[in-house]
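K.L.:
Using the UniProt record's numbering, the first residue of the sequence shown is number 1, and each one after it goes up by one.
Warning: the hint list may mix true and false statements.
Using 30 Å as the maximum straight-line C-alpha spacing, the simulated DSS-like pairs for lysine-lysine come out as follows [claimed, not checked]:
no. : residue 1 : residue 2
1   : K122      : K81
2   : K167      : K150
3   : K139      : K122
4   : K65       : K81
5   : K122      : K150
6   : K167      : K139
7   : K150      : K139
No lab work stands behind these hints: they were computed from the structure.
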Amino acid sequence: MGANQSSPEGDVEKVFQSETPISFSQDVVNQLSDKLDSTRPSSERQSTLDGHIRARIQSELAHLKQEEENVQREIEQALEKENLDREREMAGGAESESEGDGIGSVKSSVALLGDLEEVRSKVDRYQARRELEQFPEVKVSGEAVVECYKNNMNTPLDCWREVENFKTSVAGVERASNKPYPVSKFLADKSFNLQQYFKTLP
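Could you build the full structure based on these sequences and the hints that come with them?
P.N.:
So this is what it looks like as structure tokens:
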């Protein structure tokens, strides 16, 4: 029974109306207005602040760009060193400084094999050209095949007669010299382009 009397019945909002109007003196109004103006910087100061902020941003961007270039340079140097070490391992160890200039003087075996194959193909082409000059009938029949291919680009099968004449002249040279003529190995290869072969000749 006592508990019921001590508990509030509920939060009731009470509004008190003032009978006298509230007014502020002009000094208070001026002081508040001055404080509001003082927190907002002048246009000159604002432009100075903006310029300073832009300069700081540009400085930070330049610094970050420089750091990025340094990191990229370090990565490139590390990769270059790794590639050189790998090439030296493939070549069987590094050459001494007296034999070469150090970096770049060791070629990998793959590069050496490629160079060797290129030299070998040049020698084969030279031999074929030299032997072709010794046998004019092969050269004439070969030129006839090339000319026929040029005239019949869309129908190269029409050149079968010229190709047979060329094969016959090559076989005759092989019989006369008792050794295979270099062109015959190309004729045995079905993927060989005869027109491309004659373009390599002088």
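K.L.:
Evaluate each hint against the coordinates.
P.N.:
Here is how each hint holds up against the structure:
1. K122 <-> K81: Given pair K122, K81 is violated - Cα atoms ~34 Å apart, limit 30 Å.
2. K167 <-> K150: holds, 19 Å
3. K139 <-> K122: Roughly 19 Å separates the two Cα atoms, so the pair holds.
4. K65 <-> K81: At roughly 24 Å apart (the allowed maximum being 30 Å), K81 and K65 satisfy the hint.
5. K122 <-> K150: holds, 26 Å
6. K167 <-> K139: holds, 12 Å
7. K150 <-> K139: holds, 16 Å
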